[in-house]
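Protein chains: 4
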Amino acid sequence: MGFGNGIMRIGRVELRVLDLEKSASYYKNVIGLEEVGRSQGRVYLKAWDEYDHHSLILKQADYAGLEHFAFKVKNEAVLNELEKKIEQFGCDTSRISYGTRMAEGQAVRFVLPTGHNVELYYEIERIGTKTGTLNPHPWPLDTRGIAPHRLDHVLLTGDDLKTVTRFFMEVLGFQQSEKITTVDGEELVGSFLFTTNKAHDLAFIKGPDSKLHHVAFYVESVHDVFRAADILTMNNVPTEVTPTRHGITRGQTVYFFDPSGNRNEAFASGYITYEDFPTITWTEDKIGQGIFYHRRELVESFGKALT
Amino acid sequence: MGFGNGIMRIGRVELRVLDLEKSASYYKNVIGLEEVGRSQGRVYLKAWDEYDHHSLILKQADYAGLEHFAFKVKNEAVLNELEKKIEQFGCDTSRISYGTRMAEGQAVRFVLPTGHNVELYYEIERIGTKTGTLNPHPWPLDTRGIAPHRLDHVLLTGDDLKTVTRFFMEVLGFQQSEKITTVDGEELVGSFLFTTNKAHDLAFIKGPDSKLHHVAFYVESVHDVFRAADILTMNNVPTEVTPTRHGITRGQTVYFFDPSGNRNEAFASGYITYEDFPTITWTEDKIGQGIFYHRRELVESFGKALT
Amino acid sequence: MGFGNGIMRIGRVELRVLDLEKSASYYKNVIGLEEVGRSQGRVYLKAWDEYDHHSLILKQADYAGLEHFAFKVKNEAVLNELEKKIEQFGCDTSRISYGTRMAEGQAVRFVLPTGHNVELYYEIERIGTKTGTLNPHPWPLDTRGIAPHRLDHVLLTGDDLKTVTRFFMEVLGFQQSEKITTVDGEELVGSFLFTTNKAHDLAFIKGPDSKLHHVAFYVESVHDVFRAADILTMNNVPTEVTPTRHGITRGQTVYFFDPSGNRNEAFASGYITYEDFPTITWTEDKIGQGIFYHRRELVESFGKALT
Amino acid sequence: MGFGNGIMRIGRVELRVLDLEKSASYYKNVIGLEEVGRSQGRVYLKAWDEYDHHSLILKQADYAGLEHFAFKVKNEAVLNELEKKIEQFGCDTSRISYGTRMAEGQAVRFVLPTGHNVELYYEIERIGTKTGTLNPHPWPLDTRGIAPHRLDHVLLTGDDLKTVTRFFMEVLGFQQSEKITTVDGEELVGSFLFTTNKAHDLAFIKGPDSKLHHVAFYVESVHDVFRAADILTMNNVPTEVTPTRHGITRGQTVYFFDPSGNRNEAFASGYITYEDFPTITWTEDKIGQGIFYHRRELVESFGKALT
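Residue numbers (our numbering), protein chains in the order written: chain W, 1 to 307; chain H, 1001 to 1307; chain S, 2001 to 2307; chain C, 3001 to 3307.
One or more hints might be untrue.
Pairs of lysine-lysine, DSSO-like flavour, derived with a Cα cap of 27 Å [what the hints assert, rightly or not]:
1. C:K3130 with H:K1028
2. S:K2085 with C:K3022
3. W:K162 with H:K1286
4. H:K1074 with H:K1084
5. S:K2130 with C:K3304
6. W:K304 with W:K22
7. S:K2074 with C:K3074
8. W:K28 with S:K2130
9. C:K3028 with S:K2074
10. S:K2286 with H:K1022
11. W:K22 with W:K286
12. H:K1130 with W:K286
13. C:K3286 with C:K3085
14. S:K2028 with S:K2206
15. C:K3022 with C:K3085
16. H:K1085 with W:K74
17. W:K74 with H:K1162
18. S:K2074 with C:K3085
19. W:K74 with H:K1059
20. C:K3074 with S:K2286
21. S:K2162 with C:K3286
22. W:K22 with C:K3211
23. S:K2028 with W:K130
24. C:K3162 with S:K2074
25. W:K85 with H:K1130
26. C:K3074 with S:K2084
27. S:K2085 with S:K2074
28. H:K1084 with W:K74
29. W:K130 with H:K1084
30. H:K1286 with S:K2286
31. H:K1130 with C:K3028
32. H:K1162 with W:K84
33. W:K59 with W:K162
34. C:K3022 with W:K286
If you only want the chain S side, here are some residues facing chain H, beta carbon under 7 Å, derived [claimed, not checked]:
35. Q2040
36. T2233
37. T2244
38. H2294
The set of hints was computed from the structure by calculation and includes no laboratory data. Here a beta-carbon is modelled for each residue, glycine too, at the ideal position from N, C-alpha and C.
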């Protein structure tokens, strides 16, 4: 059944935010997501080009960070099979029941070796994109802000990147598109993983467990990355890294922070991967160029501002 | 990824050309592929961002057209399994033995219900991209011409689109991203199929069996489509459709002809698909807008110039 | 700048339209101009990046076309001096008095050898751009439609291009950036004129006197030309020439029609000119490539649809 | 005779470089200028889209910096007239005779109140662009590196910006497009001047006299700025400011250093100016946003690395 083991995509991210209204306003007006519902102290949002009910959940909390993220799988059989495999790997799993969150069905929940909460699910209400499926226009006129196409990926920090990489590859069928190693090749300090034909769907860099580095939204081109950066300044959004290219993934990027300090990215392009894609290696002495291709060195906050 | 029953991508296209030297020169200097070898009246070429030995084979012939195209599958087990399924569907298959063509291993060959020759294979020499896999730069400085990243898709014509669509979906695990139907919805006149997360890997439009409509190469953005069109004029290449957007796939495009009259496309962008992507429907009254979003009507040659 | 004998720019165009409300709605919602006032059967509009009160006037009429266009000059002394020169050339002039049209001062009016009505003026109310002059943002968030920066140029038809070119060069201090001649070089069939550092501020092609070929609005890049073309299809605006490049001026372009049939252009880029710019020559056998660089031949309507 | 007083453009810059061969190689292979000649320890270069013999002169020296820069004026009468005006302002002038430098005619030389050497000239050999003036293609295929269209502007530092601004406006007919003042509006700390329809042809920021801040070359779009930044990394060129937008001029930019430490810029876009352009004011509290619109603060080196 192959590559990805039935996992289709990263389908949702739940972020803890310090001020729900302010955060909802930011994700709607600056990022340009649509609010699709509210319930139990949570705001649900989606990007205009996504079919599912939501891809981002904001949850009021006392500290910022990643509450959970989740992969949408093909069907119930895949869910059950992966549940077993996860347990066999040694992770505890639990079932999230229907209706725990808005418009969602049941899910399997587990904790990564890096401490992050992950869910797998296959049921979610479908409400469609803004352009529809009958003779559609290519994009909608009535969007606000950056208006990304979709949630793209998350980057997390953790201590044992070797084990978490092995987990994703052996249990969930991911592959590694790129890795950053110490110069002697001994230690893994960055790991980029894909389960679609994207350059990455998920990545880890060495750091404290359970932390979020950033959540990325997809825009189409370098032009749109620049436009995003303009919009960030117009809205006084703290911008950490101005428009540049990643050496890793080749994507174009701008990094900034939501009102709670969760790092966001507007990400464009990136190469295509396939199941026979060879892992690209970056040695730590070139990590600056790997992450910020033009600057060729890390920004100090980049490794420190985690939520 | 992976929902394609172990099929990874469209890996190669073999085109019949009327003048091998002239054609090789065109594909090297205008398209910007690299020649990687010659053997038995054939020239083998690859794009700079492909890992496999070749993705395009030019074969000297008395009439232009598509000799065969082929999908790379995951491994031998997939090859054997798909061979059986193809036979069960009622297509005859044959084995192409090792070394029949340069740098290739064995393949399973069969004929589509539309008369096109297709192969499946998993073995091909790997020679890598121009940028490598160790601390790579994002693109190479020493390219010529349009310099696409890769072979992207083919569009074929055929009479019975319903059957060939069913073949790809049932036997090879493809899904349909878009379809064009008569206004009453009765007849299928266009079918766009994917086995990766691309908007299409292969498509059919109603027309004579066994014919090629076009072979597409991938460029990154509308800027690159425009640059491609400039290069075509500088090289006096017959250009059929100047830069525009497709309604179908949303991609940006320019169409032109190789020296033998085989239609080429430089194609950019296009949305992402997943296994739960709903089929988008275009009704024939909107086919002009579906194919050429800005012009909103077909070009006369578009349905006629086939090889 | 300044070689134009004190002429600063093409400052306004007055178009005759068949349905004032429909036209106003089109220029506001599709082109994306701002309505700044109405008076005596006229609607006044400006682009977001222009400082003067208006650059486009729509006038209700029984037939479409160009009522007049006008150049803004430096000051009254220039106005008086050019008035004399125009009369010396043999054109009759008249004075348009203060307040004849909204927010305008006096003007000198005359008729070109090609029959078009032209005015010179130096007084017009200044209302500023949407971004202001104190710590401005680079562009405003609240625009609609194509949202060009400004009126860019007009292209007119006429019989005696030699004389009208001489008029602009000798009397008004323009220079010729490009010309199209018959292959033998004997006859002038296209003349492109500038009085700023732009590739053209005004152009003539051989055709009936007194007619308008098109009015062009400036957008920044090929990306914006493509976006404009998308917006035209979303609004069902008749589009004559889909995104392409001009050989002449090198600019990127899309041509379309307002509700009265007046041709509009969204035009981007183009080279810079100076007073020592040599005239580029296009021979008529290459006119297709000169006008539509990618298609390399004229569109039939291009020489016929005039207002 | 009006605006610009007969000055057409900034026509050349002479830079002092520490290693002539290394510098020539950099300006040819990374910037992508053409070497057009050598003489007396100098290398002469031009951009592909310039008509004059050269726009950049490299001169071997013991310390880096700006040897002189020069404006091309309309004709000898303008040269003579401006010479008088310069003297009346109180600057000493001298004549540079024919053939002092390669392919140049005579020039008037003077020293700015800020200590910089400036020349005015009207004679220089014309060798044409790479695309020619007969049915030209829009750009040449055979360029290397960044391949800018042309020299665009210089930014200089000086102590008395008020006087040097007055000099350019009163004597040379420039206008001020933008200024940076202290928050109370009392002191001028940045002054941006134009004599064409560009957003600036020359600018000053507060700092030591006689120093060069940067020399800018023009590229067409944000896409080309990004491409330039990629090329800089491929060539290990020290890059100070990665792709971003200026608030001032709205242009897109990347800053980097030549092998001698002279700062270069690849600059794109920027608004159009006319003689009635109102001066835009930036208050010093917003200077970060004015200069680096996305970062919103100055880079430390930006005010310090001067040559």
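Against the structure, the hints come out as follows:
1. C:K3130 with H:K1028: 24 Å, holds
2. S:K2085 with C:K3022: Since the Cα atoms of S:K2085 and C:K3022 sit roughly 56 Å apart, the hinted pair is violated (cutoff 27 Å).
3. W:K162 with H:K1286: 52 Å, violated
4. H:K1074 with H:K1084: 16 Å, holds
5. S:K2130 with C:K3304: The hint is violated at about 35 Å.
6. W:K304 with W:K22: 24 Å, holds
7. S:K2074 with C:K3074: Distance ~20 Å between S:K2074 and C:K3074 Cα, so the pair holds.
8. W:K28 with S:K2130: At roughly 24 Å apart (the allowed maximum being 27 Å), S:K2130 and W:K28 satisfy the hint.
9. C:K3028 with S:K2074: Violated, at about 42 Å.
10. S:K2286 with H:K1022: 25 Å, holds
11. W:K22 with W:K286: Distance of about 39 Å is beyond 27 Å: violated.
12. H:K1130 with W:K286: 19 Å, holds
13. C:K3286 with C:K3085: Violated, at about 36 Å.
14. S:K2028 with S:K2206: Since the Cα atoms of S:K2028 and S:K2206 sit roughly 32 Å apart, the hinted pair is violated (cutoff 27 Å).
15. C:K3022 with C:K3085: 40 Å, violated
16. H:K1085 with W:K74: Distance ~22 Å between H:K1085 and W:K74 Cα, so the pair holds.
17. W:K74 with H:K1162: 25 Å, holds
18. S:K2074 with C:K3085: 22 Å, holds
19. W:K74 with H:K1059: Violated, at about 42 Å.
20. C:K3074 with S:K2286: 32 Å, violated
21. S:K2162 with C:K3286: Roughly 52 Å between the alpha carbons, so the hint for S:K2162 and C:K3286 is violated.
22. W:K22 with C:K3211: It is violated: about 47 Å lies between the C-alpha atoms, which goes past 27 Å.
23. S:K2028 with W:K130: Distance of about 24 Å is within 27 Å: holds.
24. C:K3162 with S:K2074: Between C:K3162 and S:K2074 the Cα gap is close to 25 Å, so the pair holds against 27 Å.
25. W:K85 with H:K1130: 39 Å, violated
26. C:K3074 with S:K2084: Distance of about 25 Å is within 27 Å: holds.
27. S:K2085 with S:K2074: 16 Å, holds
28. H:K1084 with W:K74: 25 Å, holds
29. W:K130 with H:K1084: Violated. W:K130 to H:K1084 sits at ~42 Å, over the 27 Å cutoff.
30. H:K1286 with S:K2286: Violated: H:K1286 and S:K2286 sit about 35 Å apart, past 27 Å.
31. H:K1130 with C:K3028: 24 Å, holds
32. H:K1162 with W:K84: 39 Å, violated
33. W:K59 with W:K162: 31 Å, violated
34. C:K3022 with W:K286: Distance of about 25 Å is within 27 Å: holds.
35. Q2040: 37 Å, violated
36. T2233: Since chain H brings a Cβ to about 6 Å from S:T2233, closer than 7 Å, the hint holds.
37. T2244: 5 Å, holds
38. H2294: 4 Å, holds
Hint violations for this structure: numbers 2, 3, 5, 9, 11, 13, 14, 15, 19, 20, 21, 22, 25, 29, 30, 32, 33 and 35, all remaining hints satisfied.
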